[in-house]
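If you want this note's numbering, it's the position in the sequence shown, counting the first as 1, plus 1.
Check each hint, because a few of them may be wrong.
List time: in silico DSS-like cross-link candidates among lysine-lysine, alpha-carbon distance up to 27 angstroms [to be verified]:
#1 Lys110 - Lys15
#2 Lys117 - Lys15
#3 Lys241 - Lys204
#4 Lys174 - Lys204
#5 Lys174 - Lys117
#6 Lys101 - Lys218
#7 Lys68 - Lys241
#8 Lys218 - Lys117
#9 Lys176 - Lys101
#10 Lys168 - Lys110
#11 Lys241 - Lys176
#12 Lys204 - Lys168
#13 Lys168 - Lys101
#14 Lys241 - Lys117
#15 Lys204 - Lys218
#16 Lys68 - Lys38
#17 Lys38 - Lys101
#18 Lys68 - Lys110
#19 Lys117 - Lys68
#20 Lys68 - Lys218
#21 Lys218 - Lys168
#22 Lys101 - Lys68
#23 Lys241 - Lys218
#24 Lys15 - Lys101
#25 Lys110 - Lys38
#26 Lys117 - Lys168
#27 Lys38 - Lys241
#28 Lys176 - Lys117
#29 Lys117 - Lys38
#30 Lys174 - Lys218
#31 Lys101 - Lys117
Hint data in this document are derived by calculation from the structure and do not stem from the laboratory.
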Amino acid sequence: MPSAAGHPISDSIKSAETGATYQLTIYFPASYSGSTKAYPVIYALDGDAVNAPSGRFENLRGILERKGIDAVLVGIGGTSRRSTDYTFPGAVPYHHFLTKELVPFIESKYRADSTKRILTGHSLSGSMTGYALFLEGAGTTLTFSHFLSFDGSYGYQQAETDTYEQKMYEVRKDKALPATLILARCGDTTQCNYQPVDAVYQKLLQRGYSGFQIVEKTYSTSHVAVDLPAFEDALAVVFK
2 MPSAAGHPIS DSIKSAETGA TYQLTIYFPA SYSGSTKAYP VIYALDGDAV NAPSGRFENL
62 RGILERKGID AVLVGIGGTS RRSTDYTFPG AVPYHHFLTK ELVPFIESKY RADSTKRILT
122 GHSLSGSMTG YALFLEGAGT TLTFSHFLSF DGSYGYQQAE TDTYEQKMYE VRKDKALPAT
182 LILARCGDTT QCNYQPVDAV YQKLLQRGYS GFQIVEKTYS TSHVAVDLPA FEDALAVVFK
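Between the sequences and the hints, there should be enough to build the whole structure, so can you do that?
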């Protein structure tokens with residue numbers, strides 16, 4: 002049980018998949034302590050990253066509180082490992098950590114709605130969020146229902162981006178893909194992942210997956226600053 006709903010608590014988990022220990026910061030909405038219901042959980046990659054005006058976790062938490070969204074927020078530490086965990090080949094064991102270790106860990110301790118699991122990331126963790134969709138789509142079941150990918154660095158490993166999307170297509174071309182992907186990019190074509198994000202959007206749109214919802218939005222802001230308005234707008238889609 003959280004010590005005080007509305008205030009974050011700290012936890013940690015050692016991963017057998019990656020060999021790393023990840024610090025967790027978990028926020029519970031004010032209604033949590035007086036309720037028995039299960040809550041949607043937002044899993045935030047780069048949870049200990051500094052992103053003005055404060056850390057990414059605190060920024061996202063502030064938006065949830067201001068919007069009155071009844072959801073649990075799990076900030077996943079390990080930003081210092083982002084070049085390993087958020088890129089291939091490390092993205093595969095990291096994804097196993099998320100789906101096989103972290104999600105069961107959270108759902109065994111807290112009242113979590115297993116039908117509404119949201120993954121969000123920005124920049125390298127933004128593309129990792131998209132890769133999570135590709136990896137899950139290439140399997141039999143999806144762990145997450147919503148993937149919020151903000152100015153993802155899909156062009157950093159373009160060949161791998163194409164390869165894993167193709168693997169998903171080969172499995173899902175005649176099957177439903179029951180997921181929502183929200184892509185955000187900033188509008189500066191030189192300083193942002195403007196083209197790589199749109200390339201992913203256009204490819205997935207062309208695939209025409211059954212049961213799949215995809216949204217792309219462009220923001221007139223910087224690469225770093227896109228994270229907050231994109232998250233706020235995504236909440237309107239996820240919690241409509």
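Results for each hint:
1. Restraint check: the Cα-Cα separation between Lys110 and Lys15 comes to about 16 angstroms, which is no more than 27 angstroms; the hinted pair holds.
2. With a C-alpha separation of about 24 angstroms, the suggested pair Lys117 and Lys15 falls inside the 27 angstroms cut-off, and the hint holds.
3. At roughly 26 angstroms between alpha-carbon atoms, Lys241 and Lys204 fall within 27 angstroms of each other, so this suggested pair holds.
4. At most 27 angstroms may separate the alpha-carbon atoms for a hinted pair to count; Lys174 and Lys204 meet this at roughly 13 angstroms.
5. The suggested pairing of Lys174 with Lys117 holds, with an alpha-carbon distance near 24 angstroms, which does not exceed 27 angstroms.
6. At most 27 angstroms may separate the alpha-carbon atoms for a hinted pair to count; Lys101 and Lys218 exceed this at roughly 31 angstroms.
7. Restraint check: the Cα-Cα separation between Lys68 and Lys241 comes to about 12 angstroms, which is no more than 27 angstroms; the hinted pair holds.
8. This hinted pair checks out: Lys218 and Lys117 have alpha carbons roughly 22 angstroms apart, not beyond 27 angstroms.
9. The suggested pairing of Lys176 with Lys101 holds, with an alpha-carbon distance near 23 angstroms, which does not exceed 27 angstroms.
10. For the suggested pair Lys168 and Lys110, the alpha carbons sit about 34 angstroms apart, so the restraint of at most 27 angstroms is broken.
11. Between Lys241 and Lys176 the CA atoms are separated by roughly 26 angstroms; this keeps the pair inside 27 angstroms, and the hint holds.
12. For the hint pairing Lys204 with Lys168, the CA-to-CA distance comes to about 13 angstroms; that is within 27 angstroms, so the pair holds.
13. Taking the CA atoms of Lys168 and Lys101, the gap is about 21 angstroms. The hint holds against a cut of 27 angstroms.
14. The straight-line distance between the Cα atoms of Lys241 and Lys117 is roughly 13 angstroms, inside the 27 angstroms bound, and the hint therefore holds.
15. Between Lys204 and Lys218, the direct Cα distance comes to roughly 16 angstroms. Compliance with the 27 angstroms bound is thereby established for this hinted pair.
16. A distance of roughly 20 angstroms separates the Cα atoms of Lys68 and Lys38; the hinted pair therefore holds under the 27 angstroms criterion.
17. The hinted pair formed by Lys38 and Lys101 meets the criterion: a straight-line CA distance of about 24 angstroms does not exceed 27 angstroms.
18. A C-alpha spacing of about 26 angstroms is found between Lys68 and Lys110, which places the hinted pair at or below 27 angstroms, so the restraint holds.
19. Between Lys117 and Lys68, the direct Cα distance comes to roughly 18 angstroms. Compliance with the 27 angstroms bound is thereby established for this hinted pair.
20. The suggested pairing of Lys68 with Lys218 holds, with an alpha-carbon distance near 20 angstroms, which does not exceed 27 angstroms.
21. Taking the CA atoms of Lys218 and Lys168, the gap is about 26 angstroms. The hint holds against a cut of 27 angstroms.
22. Between Lys101 and Lys68, the direct Cα distance comes to roughly 31 angstroms. Violation of the 27 angstroms bound is thereby established for this hinted pair.
23. Between Lys241 and Lys218 the alpha-carbon distance is near 17 angstroms, which keeps this suggested pair within the 27 angstroms criterion.
24. Of the pairs offered as hints, the one joining Lys15 and Lys101 holds, with about 12 angstroms between alpha carbons and a cut-off of 27 angstroms not exceeded.
25. This hinted pair checks out: Lys110 and Lys38 have alpha carbons roughly 14 angstroms apart, not beyond 27 angstroms.
26. For the hint pairing Lys117 with Lys168, the CA-to-CA distance comes to about 25 angstroms; that is within 27 angstroms, so the pair holds.
27. In summary, the hint linking Lys38 to Lys241 is supported, as the alpha carbons are separated by about 19 angstroms, within the 27 angstroms threshold.
28. Distance restraint check for Lys176 and Lys117: the Cα-Cα separation of roughly 20 angstroms lies within the 27 angstroms cut-off, and the hinted pair is therefore satisfied.
29. Taking the CA atoms of Lys117 and Lys38, the gap is about 13 angstroms. The hint holds against a cut of 27 angstroms.
30. Annotation: proposed proximity of Lys174 to Lys218 holds, straight-line Cα distance about 25 angstroms (limit 27 angstroms).
31. Between Lys101 and Lys117 the alpha-carbon distance is near 16 angstroms, which keeps this suggested pair within the 27 angstroms criterion.
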